[in-house]
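With these hints in hand, go ahead and build the complete structure from the sequences.
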Amino acid sequence: DGGITQSPKYLFRKEGQNVTLSCEQNLNHDAMYWYRQDPGQGLRLIYYSQIVNDFQKGDIAEGYSVSREKKESFPLTVTSAQKNPTAFYLCASRDRGSRSTDTQYFGPGTRLTVL
Amino acid sequence: LAKTTQPISMDSYEGQEVNITCSHNNIATNDYITWYQQFPSQGPRFIIQGYKTKVTNEVASLFIPADRKSSTLSLPRVSLSDTAVYYCLSPLTGANNLFFGTGTRLTVIP
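Chain order of the listed sequences is A and B.
In this text, residue positions in the first sequence follow the numbering used here: the first is 373, and each later residue adds one.
In this text, residue positions in the second sequence follow the numbering used here: the first is 19, and each later residue adds one.
Don't read these hints as lab results, they were simulated from the structure.
Every value quoted in this text rests on a predicted model; they were computed, and no experiment measured them.
A hint or two may mislead.
[Claimed, not checked] If you want the footprint, here are the derived chain A segments under chain B, 3+ residues with CB under 8 Å:
{"hint": "1", "segment": "413-423"}
{"hint": "2", "segment": "476-487"}
[Said to hold, decoys possible] Restricting the straight-line Cα-Cα distance to at most 30 Å, the calculated cross-link-like pairs of lysine-lysine (DSS-like) are:
{"hint": "3", "chain 1": "A", "residue 1": "K443", "chain 2": "A", "residue 2": "K381"}
{"hint": "4", "chain 1": "A", "residue 1": "K443", "chain 2": "A", "residue 2": "K429"}
{"hint": "5", "chain 1": "B", "residue 1": "K21", "chain 2": "A", "residue 2": "K455"}
{"hint": "6", "chain 1": "A", "residue 1": "K386", "chain 2": "A", "residue 2": "K455"}
{"hint": "7", "chain 1": "A", "residue 1": "K455", "chain 2": "A", "residue 2": "K429"}
{"hint": "8", "chain 1": "B", "residue 1": "K21", "chain 2": "A", "residue 2": "K429"}
Just so it is clear, CB atoms sit at the ideal spot from N, CA and C, and this is done for glycine as well.
Given below as structure tokens:
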């Protein structure tokens, strides 16, 4: 089955610790994205990558870091510098095609809770 | 920016048709309008996409007037399982990501 996987589904972290969220896709998509969603809110873009070894900051990149060493993988690290990291994190990917018909495919999400 | 505006919430009884309208006054000439559905604790999923006039699939219909400054998602005969948040999106001009606002929270009542 083609799709996007995120792990773990639930993650607990102590304050001051870094934690890495996994995102893998086998759709052969060029672009990948990380979003954060807080309760009752929409999605906010953290980072995105349009090609391997390249990534750009989104609207709320502070306290987060990413890497894109392989086309199918786009891990997100939540650092201790992120002051309010408890949230639902969503990874998405998009085929490089017409930007006009942009359609993103989402993973199941990781719920991060800071204790 | 092709930012969209849609109602924050809507309620509907089971079996009724639901229409959710979205305004996108600054949509670019070549851009499509895409609607997503999100259930609690899940990622959004694609529902329907259109450029102009009407598009229909097994889930919904999308109506887009000639001026393309708005669009209406139509869900026929909703059921309780249609309770979700619905997002209307169009690509941001000059960017390569979609802008997700707060969406419309649809609650279907028995």
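Hints and how they fare:
no. : hint            : in the structure
1   : 413-423         : holds (count 7)
2   : 476-487         : holds (count 7)
3   : A:K443 - A:K381 : holds, 22 Å
4   : A:K443 - A:K429 : holds, 18 Å
5   : B:K21 - A:K455  : holds, 28 Å
6   : A:K386 - A:K455 : holds, 12 Å
7   : A:K455 - A:K429 : holds, 18 Å
8   : B:K21 - A:K429  : holds, 19 Å
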